[in-house]
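Enquirer: Please model the complete structure; the sequences and the hints are all you need to start from.
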Amino acid sequence: MSIHISIRRYDPGKGGEPVWVDYEVPAHERTTVLETLTNIYENQDPTLAFRFGCRFDKCGLCAVEVNGKPRMACYTDVKEGMKIGPLAGMPVVRDLVIDRASFFEALRELELYIPEQGERSEPRVMEQSEAHKKLLSCVECLACNATCPAYDFEKNPLLGPYVVVKLAQLHLDPRNEIDRRKQARDLGLGDCGGCKKCYCIHGINIRKLAVEPLVGDWPGQA
Amino acid sequence: MEVRKTDVLVIGSGGAGVMAAVEAERAGASVVVASKEPLGYGDTRIALGVMSTSPDTAAGDSEEDFVEDMIRGGEYLNDPKLVRALAGDAMDATLTFEGFGHIFSRDAEGVLTRMAVPPGGHRASRAVSSPWLGVSMCHAMRAAVARSRIEVLEETVCSELLMRDGGVVGAAALRMMSGEPAALLAKSTVVAAGGGGTLYYPHTDCMPAVVGDSFGLGLKAGAELVDMEQVQFLPFGITHPPALLGIPCGEPSMAGPFGRLLNNKGEVVLENIMPMTRAQVARVIVEEIQKGGATEHGGLLLDLTPNLDSPDGEFFVMMLKKFAGPFLDGVGKAYGKEASDFKVPWDVLPTAHYNMGGIKSDASCRSRVAGLYACGQAQGGVMGGNRLGSTSLTEIFVFGKRAGRAAAREAAGRTSPDETVAGEAIDRLRSFPGSNGNHRPIELKRRLQTLMWEKVGPLRDGEGLKQALEEIESIRKEARDLRITDFCRCNQEITDAIELPHMIAAAEAIAISALERRESRGAHVRADFPEHDTEKPVQNVLVEMAGDACRTRCMEAGE
Numbered sequence: 001m002s003i004h005i006s007i008r009r010y011d012p013g014k015g016g017e018p019v020w021v022d023y024e025v026p027a028h029e030r031t032t033v034l035e036t037l038t039n040i041y042e043n044q045d046p047t048l049a050f051r052f053g054c055r056f057d058k059c060g061l062c063a064v065e066v067n068g069k070p071r072m073a074c075y076t077d078v079k080e081g082m083k084i085g086p087l088a089g090m091p092v093v094r095d096l097v098i099d100r101a102s103f104f105e106a107l108r109e110l111e112l113y114i115p116e117q118g119e120r121s122e123p124r125v126m127e128q129s130e131a132h133k134k135l136l137s138c139v140e141c142l143a144c145n146a147t148c149p150a151y152d153f154e155k156n157p158l159l160g161p162y163v164v165v166k167l168a169q170l171h172l173d174p175r176n177e178i179d180r181r182k183q184a185r186d187l188g189l190g191d192c193g194g195c196k197k198c199y200c201i202h203g204i205n206i207r208k209l210a211v212e213p214l215v216g217d218w219p220g221q222a
Numbered sequence: 001m002e003v004r005k006t007d008v009l010v011i012g013s014g015g016a017g018v019m020a021a022v023e024a025e026r027a028g029a030s031v032v033v034a035s036k037e038p039l040g041y042g043d044t045r046i047a048l049g050v051m052s053t054s055p056d057t058a059a060g061d062s063e064e065d066f067v068e069d070m071i072r073g074g075e076y077l078n079d080p081k082l083v084r085a086l087a088g089d090a091m092d093a094t095l096t097f098e099g100f101g102h103i104f105s106r107d108a109e110g111v112l113t114r115m116a117v118p119p120g121g122h123r124a125s126r127a128v129s130s131p132w133l134g135v136s137m138c139h140a141m142r143a144a145v146a147r148s149r150i151e152v153l154e155e156t157v158c159s160e161l162l163m164r165d166g167g168v169v170g171a172a173a174l175r176m177m178s179g180e181p182a183a184l185l186a187k188s189t190v191v192a193a194g195g196g197g198t199l200y201y202p203h204t205d206c207m208p209a210v211v212g213d214s215f216g217l218g219l220k221a222g223a224e225l226v227d228m229e230q231v232q233f234l235p236f237g238i239t240h241p242p243a244l245l246g247i248p249c250g251e252p253s254m255a256g257p258f259g260r261l262l263n264n265k266g267e268v269v270l271e272n273i274m275p276m277t278r279a280q281v282a283r284v285i286v287e288e289i290q291k292g293g294a295t296e297h298g299g300l301l302l303d304l305t306p307n308l309d310s311p312d313g314e315f316f317v318m319m320l321k322k323f324a325g326p327f328l329d330g331v332g333k334a335y336g337k338e339a340s341d342f343k344v345p346w347d348v349l350p351t352a353h354y355n356m357g358g359i360k361s362d363a364s365c366r367s368r369v370a371g372l373y374a375c376g377q378a379q380g381g382v383m384g385g386n387r388l389g390s391t392s393l394t395e396i397f398v399f400g401k402r403a404g405r406a407a408a409r410e411a412a413g414r415t416s417p418d419e420t421v422a423g424e425a426i427d428r429l430r431s432f433p434g435s436n437g438n439h440r441p442i443e444l445k446r447r448l449q450t451l452m453w454e455k456v457g458p459l460r461d462g463e464g465l466k467q468a469l470e471e472i473e474s475i476r477k478e479a480r481d482l483r484i485t486d487f488c489r490c491n492q493e494i495t496d497a498i499e500l501p502h503m504i505a506a507a508e509a510i511a512i513s514a515l516e517r518r519e520s521r522g523a524h525v526r527a528d529f530p531e532h533d534t535e536k537p538v539q540n541v542l543v544e545m546a547g548d549a550c551r552t553r554c555m556e557a558g559e
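Here the protein sequences line up with chains A and B, keeping their order. Residue numbers for the first sequence follow the working numbering, so the first one is 1 and each next one is one higher. Residue numbers for the second sequence follow the working numbering, so the first one is 1 and each next one is one higher.
One should not assume that every hint holds.
What the hints assert, rightly or not - Simulated pairs of lysine-lysine, BS3-like, Cα-Cα distance not exceeding 27 Å: (1) A:Lys134 to B:Lys337; (2) B:Lys321 to A:Lys134; (3) A:Lys208 to B:Lys321; (4) B:Lys5 to A:Lys69; (5) B:Lys477 to B:Lys466; (6) A:Lys133 to B:Lys321; (7) A:Lys134 to B:Lys322; (8) B:Lys322 to B:Lys291; (9) A:Lys134 to A:Lys197.
Hints are computed from structural coordinates only; laboratory data are not their basis.
Expert: Structural data, given as structure tokens:
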């Protein structure tokens, strides 16, 4: 059987506006969005650009918007009439491929790492909370940034839930020596309205595990 | 054209590449990392995060036992010097990696805690676990690079190594997002671009970028590869639906003490799976399938239910959920919740997981070509004919360190190349967009992948391997006649076209080595030579490129 879907196509190098292009594609009951994109690239349209990785929801590379909601393409079944676009609010390189380069640069800019450890002796007590472990399960798919109503890449690519999760990871690391709460406030996290719309596909409660520990009783906080 | 000059170029940014880059920089070198994906998106990212550290001597384990287990498991093809290096440096690599920002399993007193049940083939447990899967390790890897002054070129694919006076002096590369070529000029070049699991797509659990670049780059630059026929198939991969074909659901220890394999008639094909190596279990599965025992989905049934009925059933379920839990969601996705609760059998088929073979290099990761180093899955000889679970993460950090240090030290004695060495390679990159031939690169990639699974897969024979080599040769000819859409920015077809020659070279190296090894050993199973060759001493198969084609030679394995 075959179904019809639309994909948002855009090449900023050429200018103009994004356009929705319709495709008719073969599908069975459990065909995924990723299989469909691959099928289009292989059999219909060699110009379609999209990212993917592990095919089993572990690497974070294939996040797209499906009917306006962020989804991992590899773990989402394709359905008649689906509209597939890039993650919202992110700069598009082409089609479904967003520019991820600034998210490595963010690590440098905000010193999102522990200090050099030098010589070490064993054993070494390094207690790790369950909250810290949960935050380390972040696959960096960037769905959280795409769903934060206040996130504005043009204004400040750093001020979004993704960087907040990184700050919280370090805040909870027993070796951290930088005041991550101050960093969060300086970035402007105090203005977070607490709407809880930052959505994690993989179940990290960003508001509870990342935002609250960083802003805590920050005076501006409702 | 973009030109970068550096002391050390590292190709690849999984655990091996990142460790090599950080160590080279610590040793005082300037470093550029070129990575096809964003930094830290190699196979390390989707590993289980379980890593062998040093043996626990307090529990009666020893380095000698660790070495012996690896060599016995590798069926005596391993290079003992490399195995001793791995066992000896394991603790150092563990602590260095924790210094990147990782924390392995430790108890309240801060002692590293090794897992209760060792992966198949280990006599004692040496493995520590991570707070989450490989992705938790990649947070630390990305952080360590951010902390350094290493120059990072993400989404940059290397098409060929640059040569001067018979030595390697960097690489030609394409910046994939812009489509612009770049000359990466270096005094030392570390190839850490992983293995080639994706040569078997979709019968693989590897990342799509892992297509054999390391092997293609190395061969063309004059390096020798060792035991390329040794491709590890994880015995238990998912068979259906098609989207999840090849996704991992476990290794022998996953079977628990009472797990068993059943064929399509419900007959028991294998029991007592837990202590067996991956190669041994994968072989039993493919041989049973060959005899007609496959289910309608092409696999066998892994029945874990007897574990639940045993007195230790609860313990077993608890252990599996703790250490393999994250992989159970793939099983649940494919076969439903009853399956991920171990209450119904799983349809399983071996899936390409890891290349034991790779660039032949010494314990400092030096290949026979001046200026060229290899570490991680790119390097051959560490694992022999079968890799034991939890040792690849040890390998990437131990040999990443060694490669980085040697590359930095030896760069000091070399002069910088001039960018003219890159001229022809850059011209070749510029010629891709708008090529007006007859074959799309993806069409040839898919043909090669199907061929590798069917003829150079987990069960091989001489006739099939000869046919595979002929077909690889015809794909190589067709790859000179490519059709590529005419634009540069983020054009997947250009990336496919760059990967294709690496894949062809790697595929040929695997097939010709498999034909040369007229015995079954390790992960290499020949239907026409089902046993070890006991007539002569154990041999390593070496392959090099002569002109456009590969040729093999054999040498005695061991010291």
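Enquirer: Confirm or reject each hint.
Expert: Results for each hint:
1. A:Lys134 to B:Lys337: holds, 23 Å
2. B:Lys321 to A:Lys134: The given pair, whose Cα atoms are some 16 Å apart, holds under the 27 Å limit.
3. A:Lys208 to B:Lys321: Roughly 25 Å separates the two Cα atoms, so the pair holds.
4. B:Lys5 to A:Lys69: violated, 44 Å
5. B:Lys477 to B:Lys466: holds, 17 Å
6. A:Lys133 to B:Lys321: Given that 27 Å is the threshold and the Cα spacing comes to 16 Å, the pair holds.
7. A:Lys134 to B:Lys322: holds, 14 Å
8. B:Lys322 to B:Lys291: violated, 36 Å
9. A:Lys134 to A:Lys197: holds, 19 Å
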